[in-house]
Each structure stands twice: as C-alpha cells, then as structure tokens.
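*Asks:* Each chain is listed here by its residues.
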Amino acid sequence: MSAQSLGLRVIPAAVFGRRARSVLERNLFVYKHIWIILFSGFFEPLFYLFAARVGLGQLVGDVRNGSGERIDYAAFVAPALLAASAMNGAVYESTMNIFFKLRYAKVYDGMLATPLGPFDIALGEIGWSLIRGALYAVGFIVVMWVAGLLQSPLAVLGLPAALLIGFAFAGAGMAATSFMRSWQDFDLVNLAILVLFLFSATFYPLSVYPPWLQLVAQLSPLYHGVVLIRSFTLGTLELTLLWHALFLAAMGSVGLAVSAFRLRKLLTP
Amino acid sequence: MKSTHRAAEPVDEAGPGPQNESNDRALVEARGLTKRFGEFVAVDAINFSIRRGEAFGFLGPNGAGKTSTMRMIAAVSPVTEGRLEVFGTDPATHGAEIRARLGVVPQSDTLDTELTVFENVYIYGRYFGLPGEVLRPRISELLEFVQLAERGDSKVEPLSGGMKRRLTIARALVNEPDLLVLDEPTTGLDPQARHALWDRLYRLKQRGVTLIITTHYMDEAEQLCDRLVVMDQAKIVAEGSPTDLIARYSTREVVELRFPVGVQERIGDRLDGLATRSEVLPDRVLLYTDDGDRTTAEITRRELAPESTVVRRSTLEDVFLRLTGRTLVD
Ligand SMILES: Nc1ncnc2c1ncn2[C@@H]1O[C@H](COP(=O)(O)OP(=O)(O)O)[C@@H](O)[C@H]1O
Ligand SMILES: [Mg+2]
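Respectively, the protein sequence lines represent chains A and B.
Positions in the first sequence are counted from 1; adding 137 to them yields this note's numbering.
Positions in the second sequence are counted from 1; adding 46 to them yields this note's numbering.
Think of the hints as simulated: they come from the structure by calculation, not from any bench.
Honestly, I wouldn't trust all of these hints.
[Claimed, not checked] No farther apart than 35 angstroms at their CA atoms in a straight line, the calculated lysine-lysine pairs in the DSBU-like style are these:
#: 1; chain 1: A; residue 1: K243; chain 2: B; residue 2: K281
#: 2; chain 1: A; residue 1: K169; chain 2: B; residue 2: K210
#: 3; chain 1: B; residue 1: K281; chain 2: A; residue 2: K169
#: 4; chain 1: A; residue 1: K402; chain 2: A; residue 2: K169
#: 5; chain 1: B; residue 1: K281; chain 2: A; residue 2: K402
[Said to hold, decoys possible] To spell it out: a stretch of chain A is covered by chain B in this simulated footprint if at least three of its residues, at any positions, have a beta carbon under 8 angstroms from a beta carbon of chain B; those stretches are:
#: 6; segment: 163-177
#: 7; segment: 195-201
#: 8; segment: 252-258
Every residue, glycine too, gets a C-beta built ideally from N, C-alpha and C.
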C-alpha cells in the first residue's frame, strides 16, 4: 500500500467531498433543462410576505419582541418566511425528487456502479437540496432588503442560517423518503410541513402559547431556524443562538447518516 | 480539476497497480463464492477464474444466479461467504477502487432519463472523477463507436432498446475499464439490434478488453465467449470453451423430429438404437448422433413418419439440456 493510499484512508472526508460534488453536478445539469421550476418555491413565501405586509399587518399592527420592543409586523414575519423558504426548497428537493430517483429512475443504481458509494450520494443529494433552499433564501433576503425589512447588518448571517435550515430539512427529508413506499406517503410530509410552518413562532411569538405548548414548539426544527434568522435580521444576538444552530446541525447530520445507511440497505442487497 | 489528473480517482491510483497483478494471475477469482438473501441461496459455493483479455460467459436460465454473481464482482453486492478477488483485491474492502476500473452494463438500463445522451456519458465520467477536458473528446469517440454520434443532444426516452443498450455500453467504457461486465446485454432486443451489439462487443474484445457476459442465449455465448460456465440453480454445472463443452457433453449432430399430435406419445421403443442418446421433449424428440444422415436414413427405413426432420449441429442448448434435463429458455 502506498503512502498516498494510506493518506486517503486517513482523510476520507476529502474523497467524499470530491465524489459528492459530481452528484451536485448531475443535478445542475438536470436543472439546466428545467431551471424555470426553481422559481416556484421562491414566489410562495413572497406572496405570504405581501399578505403580511398589506393585509395582516394593517390589522395586527406591531408586535413586541423578547425584550419588549415594538416591531413592525412585516419585519417580524419576514425572517420566519425566509426560514420557511429554506425549509421548503430543501424539502421539495429531498422528498419527491429523491423518491423518483430512488424508486423509478434508478439514478442511484447507476451511480453505485462507479466509485461513488451510498454516503457520497447522500452527501451530494443533501448538498444539492440545501443549495436549492439557499437559493430561495438569497432571493428572499434581497426582497427583504429592498422592502426595508432588514434592521441590522447582521442580516447577512441569515444566509448561513438558511443553509443550516436547508441541511437539517434536506437530511431529514431524504432519510424519511428512504422509508416511503408510495407517492401517497408524501401527503404526510406536506402535512408536517404545514404544521411546522404555522406553529413555529412564524406568525406570532411563542409567548402567546401556554408554557407546555412552548416546550412542544421547541421540538420544531423550523422554530429553531426562525429564532436564528429573526435574531439576525432584527440584530439581537444572544448566546442561546448556538443551541438553535446545534439543534439544526445535529438534525442534518443524523439525517445524512440515516440516508446513507438506508441507501446501502436498499440498493446494495 | 487538473488536467494532469490521469486516473479516475486518487483512490484508483492508490489501489492495486499492475505490479501485484502479473499476467498469469486471474483478473477475477472466486472460491466457494456464495450469495444468500436471507435463507435463500442465490449463488451456491461456485468457483471460477477469469483471465485478462478473455471473454468469459455465464450461461444459464433465469434465476440461475448470474446477476447475483455479476453484482458481487462489480462490488455492489456484498459476498455472503467464500472468497472473491477482483484485480487481486477484496471487493469488501476495495470496492471503490475496483469499481473505478470496471465498466458495468447492468441487466436493466440505469440511464439517466433527465439528461441527454451526451450528458449521460459526461456525468457518468464525472462520477469517476474524470475532468471535462478528458471527457469531451473521449465521449465523441465513444458515441461514434456505439453509432450514436448523431444523437448526442437527444433525450434518452425516445431511443430504441438497442440504442439504449449501446449508450449504456458507451457509458460503461467512459473510464477506459480493464474489465467490462455485461449482464444480459441483448435480452429483449430484435435480431438486428443484437447483431449490431455483438459486433461492438467483438471489437472491444479485439482491443483487448476483458469481457464478462451473462446470457440465457446459447448462440450469444457461442458467438462471444472464449470460455464459459454453465449455471443452473445457483451452481456451476460445467465449464469450458463452447466447442469443448459440446464435444464433452453432446454429439456432433442432432436430429430433431416433430410428430403429428398424439403420435409422439405412442412411439415407445421404436427409437431405440437410432442414436447415441435421445431426449424426449413435450413438442419434439432430439436424437444425438455423430452421423445425422445415417440416423435419418434409419428413421425412414423404420417408417416412423415424423412431420418434420431437421439435422443440425449440436449447440450449448444441448449441453444444458444434457446437464440439467431442462431447456435454457422456456
Ligand atoms: N435482492 C434479492 N432478494 C431476494 N432474492 C433475490 C434478490 N436478488 C435475486 N434474488 C433471487 O436470487 C435468484 C437468482 O437471481 P439472479 O441472480 O437475478 O438470477 P439470474 O440473473 O441468473 O436470472 C432468483 O431466484 C432471485 O429471485
Ligand atoms: Mg439476471
């Protein structure tokens, strides 16, 4: 065994990264043909923002943040919508699309005949999903900026936060998809996404809930994402943000590991 | 990616180089190779060894265990028991390195339907870590070779079965593999497409590419394979070159008789002594003989009055029938 091969065994991460990149590249090629589809996920939160601004905002007025300051309702909701769009982008990509590639198109069977392994594929696919989420996030941040909803330069941290949200949901989405048997199962995904979207401190602060429900909401990954991004766009940094980031990172990592394990089990019997 | 990057992956270079692979050593070596799915035994302790440059066949009916064996060789399915070496290494520990040097044409196409013909080969090459500037000229050559040069921008869907198969072959060659594994390359193709494909495979063989081919068509095995094993019910029942096997297990010629409905059942012992051996199938009788003309003359003399009489050369089908009592394709 040469020294080089020994080195590669010691730092497999470099190899994984390089191989996973080709999976990303494959998806780029696919979207070259159908790039228009990418826009769908961008407009949804934009419409919500519009509704929050001109509709709800008029009725609701301002809300109070954690430290009791009054903030414009649209400025309160917009970061949550940003978090939700990162979630949506990642989930679109990591559920239906991956199900199609796994069960029908046999894309991964083709990949597994090459040096790529299940982990490379999971990493590449999750990477692509979170990129799709991040694309929406960037677009949305620009819209927020134009609409004057960014109250702090810290808002640029919204992008890495959106990446983290994308990672968490792409990992979970791909892992869940590996257990799905039919297209009907995706109704459950849609339901879960809707519940998260509505109840994760998106449209009102968690403080309106009774204490026990506040605890339940802590289980929502989107809640952690919303808190992160809202702190950045409103410019209220706290040490507890680390906990929220950690939660999302852990969720993505578990999703990645489960996805790789399931691909191996399903495709290399 | 740098243009100096010759091989598919750095792992590839790190893998077993030619130094631990002298010419007399087998490219693939299996001893007691076994594959089980739960309790079910799909491959039962088989032995074989494949040399560099040869075309090696696995002939057997559906369910014999051919695909299971191919998938173990291609390092996508773990070996349950026994020893398997590909390029002198163990697929369990060196899977990625082995796959980097392998071309695979799986039993059912795994072409990427979301990509064009050109992109299919290009992206596949990228999975091997090959840089674009190496791939582009190589893909032109490959599409030329499989007669798809004009279809580069076409989607995969509208291609015919034979074209898809040829595209899969082009894709499998993109990493310039030392070994090409083809699992039933022509199943489901019309005769013309089959011959076109055989012609391509024959050229590859002439270029020195080692081929492993599974098939349940005896003519395919006879045409393409230097050496083959006959597989049945998870086991290897015979091994040798096509001519070897025919000489060993069959006679030079076969007389096929078809009788009018109901007659075959009443023929009784009237066939005795006509041939070295006879085989009574539901729809016909096969007489194994070294002299077909003499046998037909004797049939006429005995006034057996078959509906049709055909004298033909022995084939691998006859070998299979002899070894297993069953026909290859039912
Ligand atoms: N993943 C699997 N799980 C369970 N049984 C399998 C699996 N793959 C193949 N088999 C069984 O193993 C046997 C051999 O299959 P295969 O290797 O595909 O044969 P062949 O390619 O010669 O037709 C068949 O009976 C098949 O049903
Ligand atoms: Mg098969």
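*Asks:* Hint by hint, say whether it matches the structure.
*Replies:* Evaluation of the provided hints:
With a C-alpha separation of about 29 angstroms, the suggested pairing of A/K243 with B/K281 holds against the 35 angstroms cut-off. Our distance criterion of 35 angstroms between C-alpha atoms is met by A/K169 and B/K210, whose separation comes to about 22 angstroms. Of the pairs offered as hints, the one joining B/K281 and A/K169 is violated, with about 48 angstroms between alpha carbons and a cut-off of 35 angstroms exceeded. Of the pairs offered as hints, the one joining A/K402 and A/K169 holds, with about 31 angstroms between alpha carbons and a cut-off of 35 angstroms not exceeded.
The straight-line distance between the Cα atoms of B/K281 and A/K402 is roughly 26 angstroms, inside the 35 angstroms bound, and the hint therefore holds. Requiring three or more residues with a Cβ within less than 8 angstroms of a Cβ of chain B, the coverage given for the segment 163-177 of chain A holds, as 4 such residues are present. Counting residues of the segment 195-201 of chain A whose beta carbon lies closer than 8 angstroms to any beta carbon of chain B gives 0, which falls short of the minimum of three for the stated coverage. For the segment 252-258 of chain A, the stated coverage by chain B holds: 3 residues have a C-beta nearer than 8 angstroms to a C-beta of that chain, and at least 3 were required.
Going down the numbered hints, you'll see the structure goes against 3 and 7, while the others check out.
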